[in-house]
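Student: Given only the sequences and the hints, what does the whole structure look like? Please build it.
Residue numbers (my numbering), protein chains in the order written: chain P, 612 to 886; chain S, 7 to 311; chain C, 6 to 474.
Any given hint might turn out to be false.
Straight line, CA to CA, 20 Å or less: simulated EDC-like cross-link-like pairs of lysine to aspartate or glutamate [stated by the list, open to error]:
no., chain 1, residue 1, chain 2, residue 2
1, S, 39, C, 237
2, S, 39, S, 205
3, S, 39, C, 472
Computed from the model, here is a short list of chain C residues facing chain S with C-beta under 8 Å [said to hold, decoys possible]:
no., residue
4, 148
5, 163
6, 408
7, 411
8, 454
Note that these hints are calculated values from the structure, not bench results. The model shown is predicted, which means the values in this text are computed figures rather than measured ones. Just so you know, even glycine gets a beta-carbon here, dropped at the ideal spot from N, CA and C.
The primary structure of each chain is shown beneath.
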Amino acid sequence: MGSWVAPEWRWCETMAVLELRGLTKRFGGLLVVDGLDLSVAEGEIVSLIGPNGAGKTTVFNLISGVFTPDGGDILLDGRSIVGLPRHEIARRGVARTFQTLRVFLNMTVAENVIAAEYASGTVGAVRSFLGTPAARAEAERMRAEAERRLAFFGERLVGYRLEQPAYSLSYANRRRLEIARAMATGARLLLLDEPAAGMNPAETQEITRLIGQLRDEAGYTILVIEHDMHVVEGISDRVVALDHGVKIAEGSFDDVATDPAVVEAYLGKGGAATK
Amino acid sequence: MEFFLQQLVNGLTLGGVYALIALGYSMVYGILKLLNFAHGDVYMVGAFAGYGVLVAFGGPADPRIPVVTLIVLMFLAGMLASGILGVVIERFAYRPLRNAPRIAPLISAVGVSFFLQNAALLVLGARFRSYGTARMVDPATGLQWGPLRISIIRIVVILSAVALMVVLHLLVQRTKLGKAMRATAFDREAAAMMGIDVDRVIVATFLIGSVLAGAAGVMVGLVFSRVYHFMGFVAGLKGFTAAVIGGIGSIPGAMMGGLLIGLAEAFSAGYISSTFQNLIVFGLLIVFLLARPRGLFGVPEPVKV
Amino acid sequence: MPEIGTDRWVAEFESRRVRREGPWGRLIEWSSRRWLWLFAGAAIVYPFVIGGDFGIRVGVNALLLAMLAIGLNVVVGYTGLLDLGYVAYYGLGAYGYAFLASDQFGIHLPTPVVVAVVALVVFGVGLVLGQPARRLVGDYLAILTLFFLQVFVELALNLDRLDLPFVDGPVSITGGPNGIAGVDPMEILGFRFGQVRDYYFLLLVLVILLIVGVTNLARSRTGVGWRAIREDTLAAEHMTIPSGRLKVLAYAFGATVAAVSGTVFAAVQLGVFPQNFTVALLIVVYAALVLGGEGSIPGALVGALIIAMVPELLRTPAGARLLFYGGLLVAGLTLVRPRRRLAVIVPGLLLFGLAVRALVAGIWPGLVAAETAGGVDRWLLRFSASADVVVSVLFVVTIAVALAAVAVRRRRVRDALLILGVYLLVLVWENRLVEEPSITRQLLFGALLVVLMVARPHGLLGRPRVEVV
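Tutor: Here it is, written out as structure tokens:
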């Protein structure tokens with residue numbers, strides 16, 4: 612995995628982990644996502660950019676099943692996941708983080724991650740209640756797995772912190788915990804919603820490197836929403852720009868960043884001249 | 007047909023009462039997202055306050071002042087007592103929990119309700135009291151309309167319920183306070199930032215809701231004549247469900263919901279079985295809660311991500 | 006720039022950690038780890054120390070309440086479902102036992118069969134009636150489940166003269182308001198439960214098994230999933246947790262625990278009556294859970310023991326006095342800060358009492374009862390029976406004064422109100438509350454819920470929660 616080389620961007624129909632076809636969502640009379648086509652290949656890092664209100668988070672919500680689309684299809688490994696319950700979508704390999712952090716505040720760091728390992732368990736409530744050897748073994752396995760996941764972030768979330776409630780964590784550590792939690796679901800596709808929001812420059816750099824590691828070392832396919840263009844530049848194999856729910860540009864970072872439509876979306880008409 | 011009309015009048019009377027109770031639930035829920043469990047008991051206290059005035063002025067058989075004045079005084083006393091109680095409850099049991107997790111004010115409300123019931127039991131005893139309206143106002147007087155007879159007291163009750171609701175509607179739609187209430191219900195924090203004294207609005211909401219409940223308590227006393235410490239519990243349940251049926255937070259919804267429940271109760275008692283009257287109403291409410299929890303007029307709450 | 010992932014604070018954490026020192030600290034550390042052993046030991050000794058049948062009966066009630074509270078803890082404390090119909094399942098269990106082991110239908114099945122059947126059936130009922138928990142949240146679920154309880158009570162009250170097809174005459178299923186008397190005592194493996202003590206030990210075993218089981222569950226993926234759902238249902242679903250299924254499971258689990266304790270209750274009581282399963286019991290269970298601290302198993306246990314045993318003191322005047330004045334003393338010592346304020350309040354209280362007594366005896370001698378014994382009666386007014394109304398009014402005034410004392414900020418006024426309030430409280434207590442132990446109990450529970458929620462929502466042993474509202 613370490614020798615994985617980012618490919619030039621191209622359509623790879625056969626390898627697509629995630630494919631959106633004509634995805635459409637209305638809230639009342641407002642078209643939030645309008646006929647969006649998007650394909651994410653195995654091992655690719657795709658950034659979703661666009662001004663506020665462009666519909667980026669709504670795309671995440673549609674993929675992860677918070678909303679059902681009004682039109683179009685969402686294919687995961689070629690199979691439609693539209694209309695599946697949220698936990699089933701997660702079980703099939705889509706995990707996400709949240710723009711506004713949603714860690715389980717009153718649970719310990721370890722429990723936060725163990726919770727996300729639910730799908731990997733096989734022991735039912737009855738055997739757990741009775742405390743059978745299988746139940747004990749599973750609990751231990753999940754705990755060890757959680758520690759392994761958290762070790763991905765160095766020493767930050769291990770040691771005594773395993774037993775600390777999540778509310779005691781700093782903002783940056785909560786972001787890390789959310790990523791660890793998403794990894795623990797056993798997903799292959801991570802949807803990261805503004806992972807660098809609210810981080811200081813050093814932390815932003817770290818998260819940039821981390822996202823690279825997630826792909827290179829852990830083999831994840833990643834779709835990321837990010838406003839910090841340094842992060843986007845640093846990680847993306849491909850960038851997709853949205854405005855008013857419509858895809859206005861797609862390609863390498865340099866291509867998209869200089870695309871007149873994108874500049875206009877961010878800065879308004881005539882903005883290009885002032886830049 | 008006559009029986010049907012009689013049940014209809016019964017249902018309308020009951021419905022007016024439930025609607026008044028439901029309004030209090032709905033307004034408080036709209037603003038605080040709090041199920042004010044003690045609301046039914048506020049209504050009970052209102053009924054007792056009316057009873058207290060009745061006894062103080064010589065009782066139903068031989069009142070010392072004109073009957074009309076007496077009834078007005080009873081209404082005022084019931085509304086005043088309930089209003090004060092509502093405000094006190096808000097101040098001491100809910101306000102400290104304004105920013106607590108949602109389960110805390112609910113448990114606190116259950117505690118208040120239980121406390122009030124038992125306080126009434128301690129102070130007033132367990133026996134049923136009766137307003138004895140029949141001795142105060144001749145039940146034969148009233149409207150005679152073909153086979154249908156509506157006693158004057160029922161007319162008074164229905165009319166005053168309607169009057170209170172009209173006043174409330176005007177208050178909410180036309181006054182500055184009403185505007186502040188609607189703004190607070192929509193978004194408490196934003197309202198506070200716009201210079202609305204949210205605490206005052208909440209107190210006003212509790213006051214108005216409780217005053218209406220007090221009036222409902224006196225009405226029930228006048229029409230159905232039974233007043234006791236536990237009366238608020240079931241009435242509160244039905245009032246809350248009336249609010250839910252109408253779409254919680256919606257004032258016209260609460261009125262409709264109250265009427266529907268009143269009618270359902272009157273007709274199931276009249277046509278199906280009076281033993282299972284409560285059971286039937288509860289069953290209907292359960293089905294409704296399950297099938298359409300946002301009510302007839304409510305809009306679904308958006309998922310927040 | 007430091008290397009990614011190194012954190013000196015974490016690395017040096019062990020050296021910074023503070024441990025409880027000294028014999029007292031070691032005792033606390035030890036008992037917080039070994040609380041179940043402590044409880045089991047004390048509970049085994051209890052019936053032999055307490056001796057009388059009444060004391061053991063109190064113990065039985067405490068253990069029943071503990072089972073109920075621990076079961077409810079799974080529903081409310083872990084999963085966050087506010088189930089106000091919980092005691093209906095207790096009732097279902099009790100009625101189920103009565104149906105299958107009494108002369109009501111002439112069925113007398115062996116106890117283990119009865120309990121197993123009841124547990125399975127109620128689990129199934131819980132799975133069905135728990136379905137709404139998938140969609141309804143918070144208050145809606147609370148009110149719906151409260152309706153379930155009302156329906157249960159109505160059914161229990163009214164299914165006594167039912168006209169069924171093909172059967173002559175009205176049939177009684179539940180016995181109506183009179184319930185079903187003459188329920189069989191339990192019999193397990195040939196051992197026939199004759200005394201209350203037998204049930205006490207059965208319940209003790211059940212409670213300990215339940216605690217161990219629920220502790221196991223709490224560590225399993227099911228238990229962690231439950232708590233994740235309470236924290237953030239949507240996020241939990243995104244983390245592969247099937248929230249609907251787990252909610253229903255928690256609900257049905259609580260129902261089953263309640264039903265099993267209900268079977269024992271029916272057998273201990275040798276009968277079932279609808280008035281055993283009303284909102285009053287619901288409040289008691291909630292009071293126990295909230296007092297101990299929802300979400301905590303030792304909390305639920307301790308809360309249940311306190312709620313079941315302490316109010317028993319109210320039954321005798323001596324015990325009630327002990328409870329009341331003890332409570333007053335503790336409250337005074339812990340709540341009045343700085344303590345030197347007590348130097349004003351206590352003498353003030355005494356003088357105030359004497360003054361009022363002299364005044365009232367002078368002006369309305371008819372109000373005061375003639376006979377006065379020693380002790381507190383030399384200080385306090387004792388009203389004659391005809392002055393009942395006065396006491397009622399004073400009760401309301403007492404509450405008003407107490408609330409005012411909470412609200413007022415100025416120290417002097419507060420102390421004055423405190424003196425007045427405590428005096429009135431003692432007055433009302435001695436004149437009325439002491440004679441009405443059951444109402445007093447209920448008042449205490451109601452007030453307890455409010456005060457706890459306002460002052461200490463995590464109860465005695467629970468952890469304070471952080472929530473984004």
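Student: Should the interface hint for residue 454(C) be scored as holding, given a Cβ-Cβ cut-off of 8 Å against chain S?
Tutor: holds, 3 Å
Student: Any CB of chain S closer than 8 Å to the CB of residue 411(C)?
Tutor: holds, 7 Å
Student: Given residue 408(C) as an interface hint, is its Cβ closer than 8 Å to any Cβ of chain S?
Tutor: Status holds, d = 5 Å.
Student: Does the interface hint hold: is residue 163(C) within less than 8 Å of chain S, judged Cβ to Cβ?
Tutor: holds, 5 Å
Student: Hint check: is the beta carbon of residue 148(C) less than 8 Å from a beta carbon of chain S?
Tutor: holds, 6 Å
Student: Residue 39(S) and residue 237(C) were given as a pair; does the straight-line alpha-carbon distance stay at or below 20 Å?
Tutor: The given pair, whose Cα atoms are some 18 Å apart, holds under the 20 Å limit.
Student: For the pair supplied as a hint, residue 39(S) and residue 205(S), is the alpha-carbon distance within the 20 Å limit?
Tutor: Holds, at roughly 15 Å.
Student: Is it true that the CA of residue 39(S) sits at most 20 Å from the CA of residue 472(C)?
Tutor: Holds, because 16 Å separates the two Cα atoms, which is no more than 20 Å.
The structure meets every hint from the earlier list without exception.
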